[in-house]
Structure formats: C-alpha cells, structure tokens
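Can you build the whole structure from these sequences, using the hints too?
The numbering of the sequence shown is this note's numbering, which starts it at 1 and goes up by one.
Keep in mind that the hints were calculated from the coordinates and are not lab data.
Among these hints, one or two may not hold up.
Below 35 Å or equal to it, Euclidean Cα-Cα: the simulated DSBU-like pairs (lysine-lysine) are [as the list claims (entries may be wrong)]:
1) Lys36 <-> Lys65
2) Lys9 <-> Lys36
3) Lys9 <-> Lys65
Now the in silico label distances, taken between C-beta atoms and shown as ranges [what the hints assert, rightly or not]:
4) Thr7 <-> Thr37: 29 to 39 Å
5) Ala43 <-> Asp21: 11 to 21 Å
6) Lys9 <-> Glu38: 25 to 35 Å
Quantities reported herein were computed from a predicted structural model and do not represent experimental measurements.
Glycine is no exception: its CB is placed at the ideal position from the N, C-alpha and C atoms.
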Amino acid sequence: MAEVEMTEKELDELVDELQNDPSELWEFVSRNSEDKTESEIDAIANELEHSSLDLREFVIHSLNK
Numbered sequence: 001m002a003e004v005e006m007t008e009k010e011l012d013e014l015v016d017e018l019q020n021d022p023s024e025l026w027e028f029v030s031r032n033s034e035d036k037t038e039s040e041i042d043a044i045a046n047e048l049e050h051s052s053l054d055l056r057e058f059v060i061h062s063l064n065k
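See below:
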C-alpha cells in the first residue's frame with residue numbers, strides 16, 4: 001500500500017470522525033489489521049475509541065503502510 005500524505009488538520013479530522021463513529025472506527029481497524037479475528041478487532045477498536053492519542057498513532061501507522 002502506498003504512503004498517504006495528510007495535513008495535520010486532515011489527520012485531526014479523521015481521528016475525530018473515527019472516535020465519534022464506532023462503526024466507522026471498527027471498519028477502519030478491520031481494514032488495517034491483517035490476520036486479526038473479529039474479537040481482536042473489537043478489542044482494538046474499543047481501546048482506540050477511548051484514547052485519541054493511541055487512535056492517532058494507529059491512523060498514522062495505517063496510512064504509512
């Protein structure tokens with residue numbers, strides 16, 4: 001996957017959008033978590049929903065794959 005370039009504002013908006021929409025967050029985690037079970041994805045999404053810093057790191061890592 002190619003590296004995606006985003007401005008800080010775009011990154012902040014994506015993180016806010018994901019944090020405020022659990023189903024969108026779950027989909028994002030699912031698309032960017034290879035070889036994870038549904039329950040593992042649930043656990044990751046649940047953790048990220050409550051930590052904007054961790055979610056931001058996950059998004060950055062996912063976009064730089």
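Here is how each hint holds up against the structure:
1. Lys36 <-> Lys65: Judged against 35 Å, a Cα distance of about 17 Å means the pair holds.
2. Lys9 <-> Lys36: holds (30 Å)
3. Lys9 <-> Lys65: With Cα atoms ~20 Å apart, Lys9 and Lys65 stay inside 35 Å; holds.
4. Thr7 <-> Thr37: 29 to 39 Å: With Cβ atoms ~34 Å apart, the hint holds.
5. Ala43 <-> Asp21: 11 to 21 Å: holds (18 Å)
6. Lys9 <-> Glu38: 25 to 35 Å: holds (33 Å)
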